[in-house]
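*Asks:* Here are the chains, one letter per residue:
Protein chains: 4
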Amino acid sequence: MIPRYSRPEMVAIWSPETRFRIWFEIEAHACDALAELGVIPKDAAKTIWEKGGAAKFDVERIDEIERVTKHDVIAFLTHLAEFVGPDSRFIHQGMTSSDVLDTCLAVQLTRAADLLLADIDALLAALKRRALEHKDTITIGRSHGIHAEPTTFGVKLAEAYAEFSRCRERLVHAREDIATCAISGAVGTFANIDPYVEEHVAKKLGLKPEPVSTQVIPRDRHAMFFATLGVIASSIERLAIEIRHLQRTEVLEAEEYFSPGQKGSSAMPHKRNPVLTENLTGLARMVRSYAFPAMENVALWHERDISHSSVERMIGPDATVTLDFALARLTGVIDKLLIYPENMERNLNRFRGLVHSQRVLLALTQAGVSREDSYRLVQRNAMKVWEQGKDFLEELLADAEVTAALSETEIREKFDLGYHTRHVDTIFRRVFGKS
Amino acid sequence: MIPRYSRPEMVAIWSPETRFRIWFEIEAHACDALAELGVIPKDAAKTIWEKGGAAKFDVERIDEIERVTKHDVIAFLTHLAEFVGPDSRFIHQGMTSSDVLDTCLAVQLTRAADLLLADIDALLAALKRRALEHKDTITIGRSHGIHAEPTTFGVKLAEAYAEFSRCRERLVHAREDIATCAISGAVGTFANIDPYVEEHVAKKLGLKPEPVSTQVIPRDRHAMFFATLGVIASSIERLAIEIRHLQRTEVLEAEEYFSPGQKGSSAMPHKRNPVLTENLTGLARMVRSYAFPAMENVALWHERDISHSSVERMIGPDATVTLDFALARLTGVIDKLLIYPENMERNLNRFRGLVHSQRVLLALTQAGVSREDSYRLVQRNAMKVWEQGKDFLEELLADAEVTAALSETEIREKFDLGYHTRHVDTIFRRVFGKS
Amino acid sequence: MIPRYSRPEMVAIWSPETRFRIWFEIEAHACDALAELGVIPKDAAKTIWEKGGAAKFDVERIDEIERVTKHDVIAFLTHLAEFVGPDSRFIHQGMTSSDVLDTCLAVQLTRAADLLLADIDALLAALKRRALEHKDTITIGRSHGIHAEPTTFGVKLAEAYAEFSRCRERLVHAREDIATCAISGAVGTFANIDPYVEEHVAKKLGLKPEPVSTQVIPRDRHAMFFATLGVIASSIERLAIEIRHLQRTEVLEAEEYFSPGQKGSSAMPHKRNPVLTENLTGLARMVRSYAFPAMENVALWHERDISHSSVERMIGPDATVTLDFALARLTGVIDKLLIYPENMERNLNRFRGLVHSQRVLLALTQAGVSREDSYRLVQRNAMKVWEQGKDFLEELLADAEVTAALSETEIREKFDLGYHTRHVDTIFRRVFGKS
Amino acid sequence: MIPRYSRPEMVAIWSPETRFRIWFEIEAHACDALAELGVIPKDAAKTIWEKGGAAKFDVERIDEIERVTKHDVIAFLTHLAEFVGPDSRFIHQGMTSSDVLDTCLAVQLTRAADLLLADIDALLAALKRRALEHKDTITIGRSHGIHAEPTTFGVKLAEAYAEFSRCRERLVHAREDIATCAISGAVGTFANIDPYVEEHVAKKLGLKPEPVSTQVIPRDRHAMFFATLGVIASSIERLAIEIRHLQRTEVLEAEEYFSPGQKGSSAMPHKRNPVLTENLTGLARMVRSYAFPAMENVALWHERDISHSSVERMIGPDATVTLDFALARLTGVIDKLLIYPENMERNLNRFRGLVHSQRVLLALTQAGVSREDSYRLVQRNAMKVWEQGKDFLEELLADAEVTAALSETEIREKFDLGYHTRHVDTIFRRVFGKS
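Residue numbers (numbering that gives the first Met the number 0), protein chains in the order written: chain W, 0 to 434; chain C, 0 to 434; chain S, 0 to 434; chain U, 0 to 434.
No wet-lab data here; the hints were simulated from the structure.
Since the model is a prediction, treat every value here as computed from it, not as a measurement.
Keep in mind that a hint or two might mislead.
Copies of one chain are not kept apart here, so a pair can be met inside one copy or by any two copies together.
[Said to hold, decoys possible] Cut-off 25 Å, straight-line C-alpha distance, at most; resulting in silico cross-link-like pairs (PhoX-like, lysine-lysine): (1) Lys433 / Lys202; (2) Lys202 / Lys41; (3) Lys207 / Lys127; (4) Lys41 / Lys335.
Please build the complete structure, drawing on both the sequences and the hints.
*Replies:* Following this line, the structure appears as structure tokens:
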């Protein structure tokens with residue numbers, strides 16, 4: 000996470016201020032439950048909410064205390080006591096630091112997930128708009144980077160829409176996975192705190208109680224979360240690379256929007272570099288890489304060790320901030336993408352009708368010509384196009400063996416691009432629902 | 000995937016025989032649909048099922064053809080034609096190789112997922128049985144590898160049960176993700192084949208039609224699948240490492256079952272090595288690593304490139320076979336795990352009552368002693384235990400300042416292990432439901 | 000490692016036969032040293048070499064024994080005894096299984112490294128030949144996939160040559176890293192065996208004694224080895240992707256050699272897919288992924304745990320066999336690569352001289368025109384090329400403001416491609432040495 | 000890279016101030032060379048050094064310019080011109096941004112490598128000191144976490160010393176790999192700049208000229224660098240995990256130094272958590288993970304794409320800062336490690352002599368008892384120790400069948416710990432040289 004690739008709202012989730020505020024809320028909600036249970040006075044709980052709620056926590060001060068205590072939660076509680084006064088002794092009763100830390104992480108990750116879901120929604124909206132806009136914009140489909148058969152630019156974007164819809168669903172699952180609360184004490188046995196406290200805090204924070212925490216919330220949840228971010232990043236990479244390909248000098252079927260202020264465009268008008276999508280390719284590599292330490296974090300020793308902590312202090316912000324930035328950047332790219340239908344057409348027609356060779360082959364077979372003969376017929380005409388730059392349709396019409404099997408109308412019909420796009424409606428209905 | 004770490008049922012899914020059989024079924028189902036649409040004769044479809052269904056495909060022969068054609072699907076179709084005869088020309092009409100390959104992979108992965116789900120079910124059953132058996136077996140909970148507070152061995156296993164229940168749910172999602180069928184032609188536009196064929200084949204094979212395939216099924220699905228396997232592997236690693244720790248010479252609270260035939264046990268009875276769980280640790284590393292190339296496979300070029308293919312030929316079998324083996328091995332380990340409650344008790348009592356120091360501290364605070372004084376009191380008695388091997392309870396009872404705050408009964412009550420386990424029922428209810 | 004992507008020589012290194020033969024040699028060399036030290040009779044050592052050397056080990060039989068003993072080395076020794084007779088009791092004295100296993104792995108990995116070094120040498124030879132052949136073949140250099148300035152195809156290949164030369168050097172280091180021998184007993188203290196035995200065996204096998212083994216050879220060595228393979232794989236990926244780009248329909252500056260037998264070429268002559276380099280892209284992902292579990296293997300517990308073993312049983316063959324195959328495949332691709340200088344020229348001239356705009360800009364600046372004015376002048380002429388398809392040179396010559404600063408000769412000179420290639424000799428000298 | 004796990008000297012390498020200073024030096028050195036070649040006036044070069052050298056670059060100002068130009072190097076040059084005045088037009092002549100960026104990265108990475116080498120040296124010094132101190136401190140060696148045979152604590156540390164010596168050597172290689180300079184223009188052909196400039200700048204900055212750069216320095220170099228850091232991190236993890244194991248409650252053979260200020264120690268004196276080494280375990284996961292995107296960065300498109308840039312902006316600082324911190328932290332841990340020889344002895348004697356069973360077994364065999372009988376004899380006495388807590392030596396001396404084969408002296412001699420440590424000198428000589 001570096002400023003260059005960060006957006007403020009996601010960064011804010013990981014600020015010390017936010018963290019301390021969440022810590023406070025966990026402690027205060029726990030006090031409510033403890034008061035309800037009669038463990039601490041109701042007045043104390045009220046005071047804690049009032050004075051703590053109004054407090055402006057001083058990050059510097061907390062850091063200062065931590066340097067002595069070498070313990071972040073104790074440092075915070077010490078500082079909180081400075082605001083709350085004597086009733087502060089009722090705070091954190093029967094709890095362990097991890098109760099606060101892990102529940103806080105759950106709150107932060109769910110908030111991060113909510114931002115990411117909104118990011119995906121914005122991306123989906125942009126993809127849908129551009130997909131509908133270019134539903135019928137014919138372009139050559141490519142396998143292996145080589146021309147195959149026609150498709151439409153809208154279908155390309157519809158695929159991306161479907162893919163990010165899946166990513167959205169996966170993120171919903173992943174969000175659910177990490178949305179749990181643990182207030183269960185030193186080894187998760189609720190030895191010093193009633194399970195009711197956990198239930199109460201969970202409810203207030205929109206989380207579910209963790210069925211079995213062992214001081215910590217089990218890290219398979221976080222592993223799944225970060226692995227899901229890695230998959231989403233990979234889908235970003237796919238779309239980014241598609242655009243980079245389309246912007247290649249020789250292809251130029253689409254282009255990232257180029258703001259007038261950007262240097263270099265003037266003297267070399269062809270030199271508009273797909274820097275945003277190249278950047279997204281790199282960011283995807285980063286987000287993906289964070290899945291690995293997250294998976295290694297699962298196997299904590301016994302009821303817990305703290306090896307996961309440094310990892311999460313890094314990848315918590317790094318993965319979510321970077322993915323948030325990447326999704327927003329990709330949305331911007333799609334939203335303003337310059338699309339060049341005329342270049343698509345020009346590229347499509349590059350081989351003067353050869354793109355239809357498969358259809359002609361099929362038609363010959365269906366007209367009763369043997370597979371071998373059909374091949375031979377298509378091949379000898381295709382070769383004239385390929386080697387001498389002839390026009391495929393004209394050559395076929397001039398080939399007596401071909402016209403013996405297929406009428407001119409039938410042959411011409413095989414060169415109809417509409418043939419390739421007649422099921423686009425079906426595809427769009429599948430992706431976007433009833434139109 | 001190597002024989003040593005493989006089980007036959009999962010291996011069979013990836014055999015050439017299985018693959019060719021699935022290919023045949025895809026082709027034959029497609030023929031049914033094509034016949035229904037009137038594209039090919041109904042009799043032909045019938046013949047194809049009959050003759051192809053009865054055929055015993057010769058893997059050697061197909062390989063031989065492939066060496067010439069350098070194309071596996073064409074090699075198979077050529078071989079299939081040798082059984083079907085003239086009607087074979089109606090097979091594969093309007094389809095592309097990837098229609099067969101990708102749909103086949105979906106069938107293989109769903110079958111693999113079903114085996115893995117059954118594996119997890121078996122593991123869950125073993126975990127539940129042992130968890131209930133040791134629900135009340137008290138053991139020390141450890142954070143940082145250091146004694147913390149008591150818990151029960153059943154709670155440890157209940158956590159594992161809850162964790163693998165989550166893994167199961169994730170795998171169900173992942174299975175759904177890869178259970179799609181694509182019969183959509185060279186670039187996914189259904190140019191030469193009606194979408195109805197895809198719907199029909201999907202239905203017959205228990206798959207859903209892929210909303211937008213582009214010759215290939217998008218690889219974000221497979222990335223999510225293999226990432227999920229990686230997370231499951233990480234949970235296996237966690238439990239494996241727990242057992243390895245418990246089997247350490249100095250701990251010896253549990254032990255892998257040791258078959259009498261195994262060498263080495265006799266002369267060095269202490270030298271029973273947790274080789275199965277060590278092995279599981281290694282296997283987990285492997286399964287996890289396969290998630291990476293799967294994620295890199297997502298960003299195929301344009302409508303498809305074939306870079307994913309070699310990866311999947313390897314990790315398809317490697318990841319599923321290894322995980323299947325690992326789950327089964329772990330189930331065996333749990334099922335027969337030797338558990339030593341007496342050693343657990345001995346370890347727990349290692350520090351002569353010190354494990355209760357936190358409760359005493361809390362009690363003093365609740366009795367009105369200031370936090371600082373409480374610490375001091377607990378500390379000075381704890382130090383006698385730590386440094387001179389005294390008994391913590393006796394020291395406390397002999398400390399006038401302590402007894403001024405707490406009665407003997409109150410102090411003794413703090414040494415009750417039942418205190419720590421009184422919420423075990425709640426935990427078990429959360430995990431296993433109403434008991 | 001699957002047959003499709005394997006070559007026999009590398010596969011043979013990992014066969015059980017090879018492994019048992021190496022085990023035998025380790026044991027027999029150790030016997031020589033033990034005999035020299037007077038620990039065992041010299042005759043026994045001689046007998047062991049004679050009878051064991053002549054033995055044809057029966058893999059099935061060893062597997063059978065292992066199924067009972069659950070110990071591979073004991074199974075082998077039992078089988079070996081069947082050949083050697085009574086003197087077999089002098090074999091393996093004071094040694095531990097890992098002495099045999101780890102030293103054997105070192106022998107296998109060094110042999111694998113030697114094959115890989117030969118593979119790289121073959122690749123380097125192919126690259127050098129083609130680089131020299133195309134030293135002066137002008138082609139457009141591309142940054143961001145966009146035309147930049149001219150370079151030569153030979154320079155592209157010289158870069159690859161330099162890169163694989165570095166890979167070679169890294170592999171030499173990596174080979175050195177894993178070429179150690181350990182015959183040091185249960186925890187590496189030489190308790191039951193004199194260090195001289197290790198020195199002797201090491202010398203005989205072309206290895207160095209491991210300074211401190213702890214039953215096992217430390218796994219940082221292997222981690223470095225597999226990480227190095229991962230880097231080499233990444234360089235393969237780079238060159239593979241370069242070729243895939245060059246073979247794109249719209250670019251077509253180079254093409255994988257296409258054997259006449261390959262189907263599909265005839266009817267769609269443009270449809271020659273870069274399947275070999277796509278395949279290499281996938282294989283690179285696999286080899287890279289193996290670096291991860293290798294790094295996780297480093298942190299074995301105490302003097303050793305056996306978690307590394309399953310990983311190495313897989314990645315040992317998988318990584319080396321796959322990389323060997325990939326290097327050989329890449330060499331074949333480079334060796335027979337179809338290179339199309341005329342297409343390179345056509346692509347280069349796509350923008351009618353615009354490629355020289357930077358030089359004109361620089362010339363104007365050097366002629367005293369301010370940077371801003373220079374930009375303006377170049378830009379207004381460039382735009383006519385870009386938007387109206389004019390010729391850049393002609394436009395400049397017709398621009399009075401330009402000709403006021405630069406003479407026609409000076410302007411024309413800026414369109415000399417030789418300008419861009421005049422340092423190619425320097426580059427080649429750096430890479431290939433004195434020419 | 001987060002402040003909590005950062006040290007100022009390494010952080011400083013990655014500050015904007017340092018970066019701009021290096022950029023300036025590259026530009027100024029290039030000007031010297033250009034002046035020498037007569038391309039720009041000598042006075043201009045002098046002025047640039049004087050005015051630029053004295054300048055205090057304003058990071059805010061550069062950022063501000065970059066927000067308009069969207070180009071960092073141009074922003075810097077614009078700002079530099081504000082100091083240098085009219086002669087600034089001679090700066091950067093014939094160069095491309097990457098010439099500056101990549102050469103700067105090389106300078107930063109070599110400086111980072113130098114710090115890391117110093118870190119390793121400090122760690123080696125600590126390891127050596129403690130290794131010599133505990134050369135003869137006997138401790139039990141453990142395989143599989145189970146007691147095996149005695150070794151010394153010094154040997155453990157000597158292994159770590161040898162391992163980090165290897166890491167040092169690898170880092171030296173990796174440093175060499177990234178220590179190159181590129182001043183070669185838009186596609187690396189030196190079209191607008193003489194190769195002499197590159198040679199001059201390289202020399203001045205302690206780098207070597209990159210044999211073939213293609214606008215960028217090839218990224219296999221950086222991949223190797225970060226992969227090497229990943230291997231070093233894995234060695235850190237190994238030593239960290241060793242210490243975590245030794246500090247386990249039941250083992251307690253060593254302990255991280257515990258500063259008096261740390262909370263929690265007082266009431267639960269057994270609760271000293273190995274938090275530093277747990278933290279190192281997590282940091283190692285992070286550093287290792289960065290190797291992956293670095294490897295993915297290798298396959299840039301054609302002469303360059305910019306996807307590597309975002310990755311390096313992150314992992315450049317993240318990997319080096321984290322590893323620097325981790326090495327320093329580990330050095331501190333080793334330096335002050337509390338080592339408990341008496342606990343080592345207690346653990347070693349846990350099974351009342353059973354640790355010597357292997358030696359007795361061997362002695363019986365060597366005394367002519369058959370392997371089977373030897374096993375049986377050792378086993379029946381071992382079992383009395385294991386099951387009834389008897390003393391192994393006493394049982395053996397009381398076993399007539401044993402004493403028939405071995406004299407009391409011979410048997411007693413097998414219980415001599417000195418037997419296990421008699422080759423420690425050899426090991427130390429191998430690691431630390433002549434003592």
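*Asks:* Evaluate each hint against the coordinates.
*Replies:* Hint check results:
no.	hint	in the structure
1	Lys433 / Lys202	between (38 Å within a copy, 22 Å between copies)
2	Lys202 / Lys41	within (19 Å within a copy, 61 Å between copies)
3	Lys207 / Lys127	between (34 Å within a copy, 23 Å between copies)
4	Lys41 / Lys335	neither (57 Å within a copy, 48 Å between copies)
Consistency note: the structure conflicts with earlier hint 4 alone.
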